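**Q** Given the sequences, and given the hints that come with them, work out the whole structure.
Residues -16 to -1, 1 to 383, numbered by mature numbering (1 follows the signal peptide of the UniProt record, and there is no 0), are exactly what the sequence shown covers, in order.
Note that these hints are calculated values from the structure, not bench results. Note that the coordinates shown come from a computational prediction; the quantities given were computed from them, not determined experimentally. Fair warning: there could be bad hints in the mix.
[As the list claims (entries may be wrong)] With a Cα cut of at most 27 Å, we get these calculated DSS-like pairs of lysine-lysine:
| id | residue 1 | residue 2 |
| --- | --- | --- |
| 1 | Lys133 | Lys119 |
| 2 | Lys167 | Lys232 |
| 3 | Lys167 | Lys263 |
| 4 | Lys251 | Lys232 |
[As the list claims (entries may be wrong)] Here are the computed distance ranges between Cβ atoms for each label pair:
| id | residue 1 | residue 2 | range |
| --- | --- | --- | --- |
| 5 | Pro256 | Gln210 | 39 to 49 Å |
| 6 | Lys263 | Thr188 | 49 to 59 Å |
| 7 | Ala333 | Ala161 | 27 to 37 Å |
| 8 | Arg212 | Gly69 | 26 to 36 Å |
| 9 | Gly69 | Ile169 | 45 to 55 Å |
| 10 | Arg286 | Ile169 | 53 to 63 Å |
| 11 | Lys218 | Leu15 | 58 to 68 Å |
| 12 | Glu144 | Ala53 | 23 to 33 Å |
| 13 | Ala161 | Asn44 | 50 to 60 Å |
| 14 | Asp315 | Ala264 | 32 to 42 Å |
| 15 | His16 | Thr188 | 17 to 27 Å |
| 16 | Asp214 | Lys263 | 51 to 61 Å |
All C-beta atoms in this analysis are idealised placements derived from N, C-alpha and C, irrespective of residue type, glycine included.
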Amino acid sequence: MRRAWTAMMLRPRGFATLAFVDDILAVAKALHAQETPPRPRLNLPSAMIAPSCAPDQTLNVGRLRRLHARGQLPNTVVDAFDAIGFVWDPSAFKWSTRLAALATFQDLRKNLLVPRSFVVPVGNTQWPRDTWGIKLGVFVHNIRTGRVKIDEPQQAALRELGFVWDPAQEQWDIHVAALRHYKSIYGDVCVPQRFIVPPTWPDTRLHGLSLGRFVNSLRQQPDLPQARRDDLSKLGFVWDMPKLHWEKKLLALRTYRDLYNDLLVPKSYIVPDDAVWPKALWGLPLGIVVRSLRNSAVSEERRQDLENLGFTWDPLGDQWDVILLALKTYDANFGHLRVPTTFVVPSTAAWPESTWRLHLGSAVTHIRHRADDMSTEQMDLLGLILLYDEGDNADEAAE
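**A** Okay, here's the thing in structure tokens:
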């Protein structure tokens, strides 16, 4: 084996004695041949004992690398090692493979929030062959904590990749970006608890975020730093959702009262998509809300809020005189009491002003369904209304 290097004893000036290189090259070729494609680069330790060598014979790979660094290896030698992917500079190789792993993680995950336990999967061809098995999460953690020292060019390479030095801040920024986009779509940041960012959003970093759970968790963090509270305040973040829901109900009741001059809201009433209503209220099932308020216990403070609005706790008792006057006027105007459920008293001279905008159809519906709670006078009126109902049915049968 050493015969091949005999001619090198008469070497040009500056070249080292290369008799030991045959052993290293033979071992390197054997190791390279053992690997199945795609083959990795061959990163041998600085000193190693090969099976073909004597027990006390160490292959001085470190010396080979030093000769290469000083330019003391012939090109033919360098070419022979290059052909099998020999690593001349282990430190540079280690850095470049980890940088390649980070770049691949970025391509696949669209971020560099590498979990500490993450290891590059072996056998996965989405990853460069030389990165297989790298404990990338540990490497990233060590960079952040300063356990791995890096120079300015290496820092620049990390910055170019978008390396995350503070993962907690990065996560915060991502979630704030998600809230900002949510607001651009829905007009607020009152995110439902089960909301997950869909894959249709343009920023791929946000896809799959459990934004609803994140928002809910914020409301349970009284010690959230002021800087983060400021970020949320700029977005109009709501800390007290029950209070917001209550204020929303009050606004709906106030708007209904302004439109109809009463709070006799039909049970089936849903706030329409109409410009006379605040957009935030569109679709609110106000009739169900009102019924729930009448049948539920409310705090004294909220009860006072409703009283201030003129809330109708008992539609028949509280508004009976007005309802009765409206029904008499209806009968006088139309000659019957077959009041459509959608009928609202018009604001015209044909009606007493106190009845204007009264939702009379809703009031009649209440009368029909509240027989057990009625006074004698109210029962008499109910009988009259039912009489008209029966007359309608008889007319329909005759037809």
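**Q** Can you name, in rising order, the numbers of the hints this structure does not satisfy?
**A** Hint check: 6, 7, 8, 10, 15, 16 fail, others pass.
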